[in-house]
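Enquirer: Residue-level listing of the chains:
Number of protein chains: 2
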Amino acid sequence: MNKTVSTSLNGVDIDTVMGLAGKIQQEPDVAKTRWNARVEWKGGFRSEAKVRDFDAMLSDEPAALGGSDTGPNPVEQILAAFGNCLAVGYAANATAAGIELRGLSIELEGDLDLHTFLGLAPGNAGYDRISVKVDIDSDASDEEIGALHKKVTETSPVGHTLGRAIPLDIKLA
Amino acid sequence: MNKTVSTSLNGVDIDTVMGLAGKIQQEPDVAKTRWNARVEWKGGFRSEAKVRDFDAMLSDEPAALGGSDTGPNPVEQILAAFGNCLAVGYAANATAAGIELRGLSIELEGDLDLHTFLGLAPGNAGYDRISVKVDIDSDASDEEIGALHKKVTETSPVGHTLGRAIPLDIKLA
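Protein chains in written order, with the numbering used here: chain A, 6 to 178; chain B, 6 to 178.
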């Protein structure tokens, strides 16, 4: 029995991604996905978030905010998730376009005013803005990288979640 | 030398939180905070997000989406961060209101359609909605818990970040 071993560009299993896209074109409902997380409070400002069977994501606040500083805080985790999402977007779309990536690093920064969280003023308790710098190491042309960047920023699930007003339904059990 | 040891309600260092709020009322600029994360792509759909000196947050995608499933994916991390943020909100506001919490668990769920991420249709690549169920174990009255819940959901930094359209600036380095 012969077995074909394909070494994929950028380590991305693009056949699976393309196969999923093809399946969704046949059966649009396959595109409907549901995701979950469960958080347990651990006292003070510490909590643990579980996703499937992975190690819990520990959360805390810095001492200046009254925490015990044992992990990143939730607004830092939002930046981390956004960067991770953009990384998937660049890897997927570069591979689909035949662009080899040697490296990719992403720096994220967000500004947040504490007045509303602390109950001192109405207004926006969240980020006022988020800035991202993307450093791509590749031999692709500036034009190719520019087109890749445009596609990724226009189709990022976390980018759209942050850049739009998402309906939130928060209920007591 | 006498030393007063105060055991704080819910393990929350409410004196620091109140002290910070008082300082901000004197010097409003103290409320302006900036947060950062840095993400490194690790090949395929794997990446690592670093926040300060904490352990990296590993990210990947499930096999069905072409990943190697070594960690939660970015949209799951968003739910995790939101639950962690709500936990801080309940702990802080319960303590300020003199409510003792015995336990707090939060379940989060989000629906996301893959058409836009996969380039099959324009539209929203992010969550269409996020639902949260909060289970509070406390002897406080329903009225007290209701008021706590209202305050937390109205002042959540991650809740506001998701529930509003945040300006995003994503640049190539």
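Because the hints were derived from the structure by calculation, they are not lab data.
Don't take each hint at face value.
Treat identical chains as interchangeable: a pair holds within one or across any two.
[To be verified] Result set (PhoX-like, lysine-lysine): computed pairs, CA atoms no more than 25 Å apart in a straight line:
{"no.": "1", "residue 1": "138", "residue 2": "28"}
{"no.": "2", "residue 1": "176", "residue 2": "47"}
{"no.": "3", "residue 1": "37", "residue 2": "138"}
{"no.": "4", "residue 1": "138", "residue 2": "47"}
{"no.": "5", "residue 1": "28", "residue 2": "55"}
Enquirer: Does each hint fit the structure? Answer for all of them.
Expert: Each hint tested on the structure:
1. Taking CA atoms no more than 25 Å apart as the test, residue 138 paired with residue 28 passes in neither setting, with 34 Å inside one copy and 33 Å between copies.
2. With identical chains, the CA atoms of residue 176 and residue 47 are at most 25 Å apart within one copy only, with a shortest distance of 21 Å there and 38 Å across copies.
3. In this assembly of identical chains, residue 37 and residue 138 lie within 25 Å of each other by CA distance solely across copies; the values are 21 Å between and 31 Å within a copy.
4. With identical chains, the CA atoms of residue 138 and residue 47 are at most 25 Å apart between copies only, with a shortest distance of 17 Å across copies and 34 Å within one.
5. For the identical chains of this complex, residue 28 and residue 55 are neighbours neither inside a copy (30 Å) nor across copies (35 Å), given an alpha-carbon limit of 25 Å.
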